[in-house]
Amino acid sequence: MDTNNNGGCCSSDTEVNTGQFIQMIGLDKNSPAPEIQETTSDLTFNDRFDHFLARWGFRRSEHIVQPGIYKLGTPDADSPVFVSANYTLSFDALRSSLAGIDCYILVIDTKGINVWCAAGKGTFGTDEIVYRIKWSGLSKIVNHRKLILPQLGAPGVSAHEISKRSGFKVEYGPVRASDLPEYLKTHTATPEMRKVKFTFKDRLVLTPIEFVHVVKPTIIAAILLYMLSGPLAALIAVIAAVAGTVLFPVLLPFLPAHDLSIKGIILGWLVTIPFGIVLAADPSIVLWEKILTLMAMFLLIPAVTGFLALNFTGCTTYTSRTGVKKEIFKYVPYIALKAGTGIICLIVLGASRLMEII
Amino acid sequence: MFNSYNENTLQFHPEKCINCLICTQVCPHGVFTEGKGHVELTSPEKCMECGACAGNCPVEAIEVQSGVGCAWAMINAALKGKDMDSDACCCGDDGCC
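One line per chain: the protein sequences are A and B, in this order. Per UniProt numbering, the very first residue in the first sequence carries number 1; after that it's consecutive. Per UniProt numbering, the very first residue in the second sequence carries number 1; after that it's consecutive.
One or more hints might be untrue.
Claimed, not checked - Some, not all, of what chain A presents toward chain B, calculated at C-beta under 8 Å: (1) Val175; (2) Met193; (3) Arg194; (4) Phe198; (5) Thr199; (6) Leu255; (7) Asn311; (8) Thr319; (9) Gly323; (10) Lys330; (11) Pro333; (12) Ala336.
Please keep in mind that the hints were generated in silico from the structure rather than gathered at the bench. Beta carbons: idealized from backbone N, C-alpha and C, even for Gly.
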């Protein structure tokens, strides 16, 4: 029942601030409403470039739209009002889907976070929406009392609460903004429009940011491993990182088992096999060294991909908190054991080489 | 055996339900479907505990311990000795979302 306090670090202080603001501004009837800004349904080169940078995690907290009320086309007092997050990817998905529809868009302050994540943390929430309705003077701009919210905003919102506190009735639109033109014909969404998906494209666009997240630790690990036992060990770090962050999201539904950690470990084995065969077939390496290297590879790569896969739970569209917690307790000790044993193998290899040199 | 997701905290009390259907509109996984007199809990195993249904139910007929299922945030919380269920949130730094 505690949908509003499930994301402490962002929501707790925001809720207090918003509460204070509502009191401050709500009581002061003379505070001027913000001017209505204009927007279009066209995405320019700059917009697309901004989306590209956001996807790569470049200045990721700076892809922000100014909160406020925007008009698209030539809306009048009976035109629909849509609510959006102040993240460029969210706002742009909405406005680009509304080509030819005269309407208002109320952009609330979600700290530059997309609708679904912000809703999970409560920043796309009842308090913020009620506050922005009052702040923007929406009741003077339109005659009707209806807001269309993105369906994925629902985890942070109580529709009946908004209605009680602001007089505006909430209507949940479809999951994807691109379904809006169809939705607006009847104001009902088909079960298909209500379902969240995780398509190949959805997963592919996540890979850059996943990879960017691990670049630094991968470089450090590669350098350390190179010094410890040579270029092959450094390669292990790179293979593991690319497999865990790029191949894993792309291949997610095709990997066996349901738990993400298991899928990740299996992927780790699969990518290690070709390198293992090449290594095993190399006649210049002595047997015990071969065995140790193979052990290190088959222990370390799946450990890394398994762990990265487990962390991908936060990006999927279907994992429950209960399930993720179970996965953590089930697999983290096993992954740690694999990684530890693998590192010992590498250290033994490195030490023996050092001895040879001496 | 390798499915940690067959149980969750979703609870539905059909006797309280007023059949307003809002849960069928907000659920992103079609967990609830239209029924006679009250909605039906059709696919409870698909629930991801986002909390949309519970928060929007005007009569509190649905209960769920909602939260963001992000391993990174929970592991970090556990490592720092905090409660894994409390403030697990990873936005801002190198988070997941």
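**Enumerated hints in conflict with the structure, sorted upward** = The structure conflicts with hints 2, 4, 5, 6, 11, 12, although it agrees with all the remaining ones.
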